[in-house]
Amino acid sequence: MRKFLMNNTRESIDKKIRINGIKFSTELVQINLLNGSFPQDSRPLFFQLLAQDHINIPFILISGMGEKNIGSCCVAAEDFHRTKKVVAGETKLKEKLEFIQGVGALSIFPHHSNLKLLGVSFYLLSKAHLPLYGMASSISSLTFITDYSLLDEAVTTLLEYMVLPPNHAPFRPEIHVIQKKR
Amino acid sequence: METIAVYWEPKPKIYGFREVVDLSLLSIEVKPEKMAQWGLWFLELANHDIGFHLSITKYSNRQELRLYILLEKLWADSVLSHIDKRIDLESEKDFHLTSPVELISFQGPHFGDRYGIAHTAFKALDDQGIPILVAACSGAAVYIVLPEKKLQEARPLLAEAFEVP
Numbered sequence: 001m002r003k004f005l006m007n008n009t010r011e012s013i014d015k016k017i018r019i020n021g022i023k024f025s026t027e028l029v030q031i032n033l034l035n036g037s038f039p040q041d042s043r044p045l046f047f048q049l050l051a052q053d054h055i056n057i058p059f060i061l062i063s064g065m066g067e068k069n070i071g072s073c074c075v076a077a078e079d080f081h082r083t084k085k086v087v088a089g090e091t092k093l094k095e096k097l098e099f100i101q102g103v104g105a106l107s108i109f110p111h112h113s114n115l116k117l118l119g120v121s122f123y124l125l126s127k128a129h130l131p132l133y134g135m136a137s138s139i140s141s142l143t144f145i146t147d148y149s150l151l152d153e154a155v156t157t158l159l160e161y162m163v164l165p166p167n168h169a170p171f172r173p174e175i176h177v178i179q180k181k182r
Numbered sequence: 001m002e003t004i005a006v007y008w009e010p011k012p013k014i015y016g017f018r019e020v021v022d023l024s025l026l027s028i029e030v031k032p033e034k035m036a037q038w039g040l041w042f043l044e045l046a047n048h049d050i051g052f053h054l055s056i057t058k059y060s061n062r063q064e065l066r067l068y069i070l071l072e073k074l075w076a077d078s079v080l081s082h083i084d085k086r087i088d089l090e091s092e093k094d095f096h097l098t099s100p101v102e103l104i105s106f107q108g109p110h111f112g113d114r115y116g117i118a119h120t121a122f123k124a125l126d127d128q129g130i131p132i133l134v135a136a137c138s139g140a141a142v143y144i145v146l147p148e149k150k151l152q153e154a155r156p157l158l159a160e161a162f163e164v165p
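Listed in order, the protein sequences are those of chains A and B. So for the first sequence, my numbering puts the first residue at 1; every next one is plus one. So for the second sequence, my numbering puts the first residue at 1; every next one is plus one.
Only chain B is shown next, with the shape it has when bound in the complex:
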């Protein structure tokens, strides 16, 4: 049986912001046939207790995926050194580290089931020329990765666009 809930609010409510600075964003171009290998390398990194704040895999085409891992800046060197020993020179050109970067994330009631949430968030930043490095909306959460020092500009804009407790 399907249950239908009808929901409306003039300004989307969120439960508050989560802000993290001093992060590094790894960007890796991965061929689908190499995904299993990257999976093994991530397992090795997991054994060193290296965690992530956000992970994204974006489709480029049937021969290519773009993988992003957002992690603490203090772990970036050990991750780079670990992966450097494993990837070949050809792959190296497709491996980038952007650091430092900042993260703002938030969630709200029924996000994921409601239209217009992403538009509200991105418009607030786009209209003021705040660059977005990467962003993801999955489940009820919105994650936006920003260049260094942009979080302090982005927060009031998002706070204006959403109803914050």
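Extracted from the complex, chain A is given alone in its bound form:
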């Protein structure tokens, strides 16, 4: 069985998958919203508090299906202390938040809504023992959350079976958008 799978995989990924790009985030902090005594109505409170304090959340996953972790999100590392301060005043929030510092997002595109890029990414990242704290698809990209210090290693791992267009390299965001009232 294992041999069959390995052969099958080699056939599937013998030909490198052509991708159009890889994008890194800046350093982020992941916040996990834990269940248990954390009531569902505290999730809106959490997002309300961050919005009121103008804290952007570039990556969010939530679920209402009764799991231990009802949501995860990431904020910029520079917003970490502000976020902690904002939730510190809310007793029903602060006990149920778990912070993972020093994470980063790696986005690969395009996925073409096909499971191939996802399957290869899971296979390679897991084989390389790279931690995975979250993943979500978007219109064209797959975004993986791993340790910020391991983003370059993650790209090297993925490029074993993926190929970028000539003269392309992973890029970091260069434009910083700020919302301000006129």
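If you're looking for bench data, these hints aren't it; they were derived computationally from the structure. Each hint should be verified, as a subset may be incorrect.
Unchecked claim - Simulated pairs of lysine to aspartate or glutamate, EDC-like, Cα-Cα distance not exceeding 20 Å:
| hint | chain 1 | residue 1 | chain 2 | residue 2 |
| --- | --- | --- | --- | --- |
| 1 | B | 31 | A | 147 |
| 2 | A | 96 | A | 79 |
| 3 | A | 116 | B | 49 |
| 4 | A | 116 | B | 72 |
| 5 | A | 96 | A | 67 |
| 6 | A | 23 | B | 113 |
| 7 | B | 123 | A | 90 |
| 8 | A | 68 | B | 94 |
| 9 | A | 68 | B | 29 |
| 10 | A | 96 | B | 64 |
| 11 | A | 127 | B | 29 |
| 12 | A | 16 | B | 44 |
| 13 | B | 123 | A | 53 |
| 14 | A | 16 | A | 153 |
On the provided structure of chain A, position chain B as indicated by the hints.
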């Protein structure tokens, strides 16, 4: 060199809604050491041209991840049958299918770089008691998976919260 763009609008604009019904939501509990194996199974499914509308992996703890795949309902049986042959009985209890479910998604300018977008979307639904099965905000896109028949209630609420062309 860093470029700073300053942006403000009283009500966030979106480019329109994308709505899909008759979907199935697979929810799978995965141990990190089994991720490579699931990757191989997804490759097998990809060879059968099975695609997804949304895929999410949510962190539970260091020993556990929760994987969601949103796909066309008509593919659910073949995916279940394919995976059933591969997972052991112990894993089976951690494998759930919710069907049918519905998806509403949208995107807007600089979403992902702006505060308050998720709050605006979730508040619109939470205030009216619309349950969210799963949701993801990644890049400039917002995806919300709803139980059957809830899309028709959710759409006007989101249309009120955002400026829709």
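Okay, the hints, checked on the actual structure:
1. 31/B / 147/A: Holds - the C-alpha atoms of residue 147/A and residue 31/B are around 18 Å apart, at most 20 Å.
2. 96/A / 79/A: Holds: residue 96/A and residue 79/A sit about 19 Å apart, inside 20 Å.
3. 116/A / 49/B: Distance ~9 Å between residue 116/A and residue 49/B Cα, so the pair holds.
4. 116/A / 72/B: holds, 17 Å
5. 96/A / 67/A: holds, 14 Å
6. 23/A / 113/B: holds, 15 Å
7. 123/B / 90/A: Roughly 19 Å separates the two Cα atoms, so the pair holds.
8. 68/A / 94/B: Holds - the C-alpha atoms of residue 94/B and residue 68/A are around 13 Å apart, at most 20 Å.
9. 68/A / 29/B: holds, 12 Å
10. 96/A / 64/B: holds, 18 Å
11. 127/A / 29/B: holds, 19 Å
12. 16/A / 44/B: It holds: about 16 Å lies between the C-alpha atoms, which stays within 20 Å.
13. 123/B / 53/A: Between residue 123/B and residue 53/A the Cα gap is close to 16 Å, so the pair holds against 20 Å.
14. 16/A / 153/A: Holds, because 18 Å separates the two Cα atoms, which is no more than 20 Å.
In the structure shown, no violation is registered for any of the earlier numbered hints.
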